[in-house]
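Under the UniProt record's numbering, the residue at position 47 of the sequence shown is numbered 47, and the numbers go up by one with no gaps.
Please note that the accuracy of each hint is not assured.
Stated by the list, open to error - With a straight-line cut-off of 27 Å between C-alpha atoms, the simulated DSS-like cross-links for lysine-lysine are:
no.: 1; residue 1: Lys444; residue 2: Lys500
no.: 2; residue 1: Lys500; residue 2: Lys125
no.: 3; residue 1: Lys125; residue 2: Lys211
no.: 4; residue 1: Lys211; residue 2: Lys532
no.: 5; residue 1: Lys554; residue 2: Lys492
As the list claims (entries may be wrong) - Listed next, with one range per pair, are the computed distances between beta-carbon atoms:
no.: 6; residue 1: Ser210; residue 2: Asp310; range: 15 to 23 Å
no.: 7; residue 1: Leu620; residue 2: Ile313; range: 57 to 65 Å
no.: 8; residue 1: Arg459; residue 2: Gly85; range: 19 to 27 Å
In case anyone wonders, no lab produced these hints; they're calculated from the structure. Here the structure is a predicted model, which is why all the values come from computation and not from measurement. The beta-carbon is built from N, C-alpha and C at its ideal position, and this holds for glycine as well.
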Amino acid sequence: MLPPPSSRQSSYVYPTHARRASSPSAPNRIASFRSVAENALGLEPEDDEEEQELRAELGVDDEAALAEEQRERGLEETLERLGFGAYHWRLLALCGFGWMSDNSALQCIAVILPRVQVHFNLSSKVVGILSASTMAGMMVGAVGWGVLSDLLGRTMPFNVTLFLTGIFGVGASFSPNFAILCCWMFCLGSAVGGSMPTDGTLFLENLPHSKQYLLTLLSVFFSFGAVLSSVISLVFLPGASCGTYEGCDIDRQENDGWRRVLFVLGLFNLVCALARWFLFKLQESPRYLVSNGREREAIVALQTIADFNDRTINIQRADVQSRECSVAEPSTRRSSLASPSKDEESVSYGGVESDAGRKMKNKPVRSGSSFYKEDENDALVGSFVQTEGQIEEERGRLMDVETVYNDDGDADMSNRSNDRRKARNVPVGKEVNGWKKAPVVWWKSWIAQISKLFVPQWRRTVILMWIIWGSMSYAYTMFNVWLPAVLESRAKGHGDAAIKEALGDFVLYSLAGCPGSIVGAWMVQTRLGRRKSLAICTLCTGLSTFAFIHVEQKWAVVVSSMVISAAATAMYAVLYGMTPETFGTSIRGTACGTSAALSRLTGVIAPVSAGFLLTITPSLPLFTSAAVFCMTAVCSMALPFERAEGAGRGSRMMH
Numbered sequence: 001m002l003p004p005p006s007s008r009q010s011s012y013v014y015p016t017h018a019r020r021a022s023s024p025s026a027p028n029r030i031a032s033f034r035s036v037a038e039n040a041l042g043l044e045p046e047d048d049e050e051e052q053e054l055r056a057e058l059g060v061d062d063e064a065a066l067a068e069e070q071r072e073r074g075l076e077e078t079l080e081r082l083g084f085g086a087y088h089w090r091l092l093a094l095c096g097f098g099w100m101s102d103n104s105a106l107q108c109i110a111v112i113l114p115r116v117q118v119h120f121n122l123s124s125k126v127v128g129i130l131s132a133s134t135m136a137g138m139m140v141g142a143v144g145w146g147v148l149s150d151l152l153g154r155t156m157p158f159n160v161t162l163f164l165t166g167i168f169g170v171g172a173s174f175s176p177n178f179a180i181l182c183c184w185m186f187c188l189g190s191a192v193g194g195s196m197p198t199d200g201t202l203f204l205e206n207l208p209h210s211k212q213y214l215l216t217l218l219s220v221f222f223s224f225g226a227v228l229s230s231v232i233s234l235v236f237l238p239g240a241s242c243g244t245y246e247g248c249d250i251d252r253q254e255n256d257g258w259r260r261v262l263f264v265l266g267l268f269n270l271v272c273a274l275a276r277w278f279l280f281k282l283q284e285s286p287r288y289l290v291s292n293g294r295e296r297e298a299i300v301a302l303q304t305i306a307d308f309n310d311r312t313i314n315i316q317r318a319d320v321q322s323r324e325c326s327v328a329e330p331s332t333r334r335s336s337l338a339s340p341s342k343d344e345e346s347v348s349y350g351g352v353e354s355d356a357g358r359k360m361k362n363k364p365v366r367s368g369s370s371f372y373k374e375d376e377n378d379a380l381v382g383s384f385v386q387t388e389g390q391i392e393e394e395r396g397r398l399m400d401v402e403t404v405y406n407d408d409g410d411a412d413m414s415n416r417s418n419d420r421r422k423a424r425n426v427p428v429g430k431e432v433n434g435w436k437k438a439p440v441v442w443w444k445s446w447i448a449q450i451s452k453l454f455v456p457q458w459r460r461t462v463i464l465m466w467i468i469w470g471s472m473s474y475a476y477t478m479f480n481v482w483l484p485a486v487l488e489s490r491a492k493g494h495g496d497a498a499i500k501e502a503l504g505d506f507v508l509y510s511l512a513g514c515p516g517s518i519v520g521a522w523m524v525q526t527r528l529g530r531r532k533s534l535a536i537c538t539l540c541t542g543l544s545t546f547a548f549i550h551v552e553q554k555w556a557v558v559v560s561s562m563v564i565s566a567a568a569t570a571m572y573a574v575l576y577g578m579t580p581e582t583f584g585t586s587i588r589g590t591a592c593g594t595s596a597a598l599s600r601l602t603g604v605i606a607p608v609s610a611g612f613l614l615t616i617t618p619s620l621p622l623f624t625s626a627a628v629f630c631m632t633a634v635c636s637m638a639l640p641f642e643r644a645e646g647a648g649r650g651s652r653m654m655h
């Protein structure tokens, strides 16, 4: 089976009605519906031949599946016509600020950790709680902001997360004790934790398919975040830091350099947030709008982007939804054409039709950027896909889903009667029947959104992604958090000289990550593809960590740490670009958010466990980190998703 056309990027869920095949009236009703719709749209008889050709090309025989393929085809062609212009370059920079903020926060913790330990006279076991608090906040933020971006849209998290990061960073610089500092850093993590999954998703969904490899460029900003923290620390820490608690006058601010670092980084994030607000008018993601049935808003957004890019393009409804899609668009209404009973209702997901008690067809499903073949024993019953009857029964209990009928108002649709108006589903949680039900509805909506990840076609990919994100974060955090302390312990000088020498080495370590991002962006465009590139970079990171443990000469320590930085940055560049393009639009924010959340959870465990391992032997955390990196490389090769240049930038599943 050939991979699907490259224009397929998203999956959608639409309720539809259909009689069972055994129903003798079903063909007549379907034909009647087509005839009325064709007359309303002015379609010619030969359009049936085009439709049949398209069906053969796509390999679908289901009306809703065909509609979804055509809808996505229309949008993808429009995005290709828009190209990559001034709007996208500015969006790249502003999304990059979020990624920069994420890594600058992580590197800031690593740099100030020894100074905080001295300032509050803490043991190695206790001081790790600071990093754990930040990671815990990032975990909460990744899940919360990721799900919100799927429910409410991409623009709100984009505009809020960076501003809150700046506010919490400035507040943390005034912490009077260690407990308050941990609380501030938890809040900072909850804000910055939403930046990477939401910003990456937003940027990807504004790119034409032929330019989606540019998502890896965001990793360059990620590397600059580490450089930013390192340079600021090199400026403010020497001369305002103490090597030990004894003889350090805390009251005279002899060890307040770490406060200055937090304050300056907080101000930088506030400036970036203001730039997002006042220097750029962000449009909602066109793919998100179309996936939620908001075609009119998608047209406005696309036209605005075209004007910003100085492209003379007149975008019409057909550019986000083809005329054949209008014919086959499923409806939630009950009409004289078809009025199925509850047990005859059916739903469609990713081109698979399933009656309320029927097993799914064993045929390929194109969803997201992936190519799946459903197990014939899998059914959608009990999953997030529901029939209209189920939705009506559970309205107010499980999900508050309102069906809003929208009259198109287009000139070529003006003759359609009210009983043929199309229905679109309002995103879950948008409309709530009363304030008292709002918390319950939001909680149910959140659970329903998470459950979308566990349908058969996504389950394996999601679990493997979670393992990779979690283990990779555990290994990297265990190495990265304690690296400044290790460099300082290996420095030749003493006191302020040792601190300055260690920070200088850390700046080199951070700078080495910048070309790593570019290498990662290049590797995914070669015949290696995503999986092999991720596995190679992860394995190189693990092997270079083993080398770092055994070297003793100063130059060897610096070189091996720089190799680790370059390999790890390339590794994350591939992973961060691969994850959002793996999943469909309807679950992309949730999938990326939960993956990032699990990585933060293991990031919470890593510094605390490293503190205990350090009491056994100083090299044990590094050995553990290297071993986990090698294990993650094996998991990367088990991923079912692959997209390599040799496949024409198409998608294929590896089983």
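Going through the hints against the structure:
no., hint, result
1, Lys444 - Lys500, "52 Å, violated"
2, Lys500 - Lys125, "25 Å, holds"
3, Lys125 - Lys211, "46 Å, violated"
4, Lys211 - Lys532, "21 Å, holds"
5, Lys554 - Lys492, "9 Å, holds"
6, Ser210 - Asp310: 15 to 23 Å, "20 Å, holds"
7, Leu620 - Ile313: 57 to 65 Å, "60 Å, holds"
8, Arg459 - Gly85: 19 to 27 Å, "38 Å, violated"
Going through the hint list in order, the structure does not satisfy hints 1, 3 and 8.
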